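**Q** Sequence:
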Amino acid sequence: MSAEPCAVNDGNGPRIEPCTLQSLEEWAALRHALWPEGPVQEHRSEAQAMLWEQKKAVAFLVRLPDGRAAGFAEAALRHDYVNGCETSPVAFLEGIYVEPDYRNRGLARMLCKAVEDWARRLGCREFASDVLLENVGSQCMHKALGFEETDRVVYYRKPLSR
36 MSAEPCAVND
46 GNGPRIEPCT
56 LQSLEEWAAL
66 RHALWPEGPV
76 QEHRSEAQAM
86 LWEQKKAVAF
96 LVRLPDGRAA
106 GFAEAALRHD
116 YVNGCETSPV
126 AFLEGIYVEP
136 DYRNRGLARM
146 LCKAVEDWAR
156 RLGCREFASD
166 VLLENVGSQC
176 MHKALGFEET
186 DRVVYYRKPL
196 SR
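36 is the number of the first residue of the sequence shown in the working numbering; add one for each residue after it.
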């Protein structure tokens, strides 16, 4: 991934770093905490594949002063239509997670700033995301981070008989 460490403090607080092969196990465990439906091995494989995406995707960890990873953010460049956006490409926040004990301490803001810096370097003018309608906590976080709601969508499906 084409990402640089993000200097976010004087070295005494949390720090942001790009995800790497060396941090793969921590990253996969945090992904599993956010998306528990699949096994950790699946998250490990998906995360490893992201590392080879270079300028198409990025992932960052936030580390506490003791070195422990407390959260992550993943983003991708989207060139297709992104609801509510007017430009292309758009940096899209695919996932963000901070361990519950460390929420409301600015860690998600630090992660998003790292993604925004990455996106600006690649020429993006917009940063987008999506949230499930029932995930009010995530909606509040997005608003606190400066995102504005653009759309509410309900998806449908209809099985086709053969």
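If you are wondering where the hints come from, they were derived from the structure by calculation, not from laboratory data.
Owing to the predicted nature of the structure, the values given are computational and were not obtained by experimental measurement.
Heads up, some of the hints might be wrong.
What the hints assert, rightly or not - For lysine-lysine, the following BS3-like pairs were computed, each having C-alpha atoms within a straight-line distance of at most 25 Å: (1) Lys148 <-> Lys193; (2) Lys148 <-> Lys178; (3) Lys148 <-> Lys90.
**Q** It remains to establish, for every hint, whether it holds in the given structure.
**A** Evaluation of the provided hints:
| no. | hint | result |
| --- | --- | --- |
| 1 | Lys148 <-> Lys193 | violated, 40 Å |
| 2 | Lys148 <-> Lys178 | holds, 14 Å |
| 3 | Lys148 <-> Lys90 | holds, 17 Å |
Of the numbered hints given earlier, the model fails hint 1 alone.
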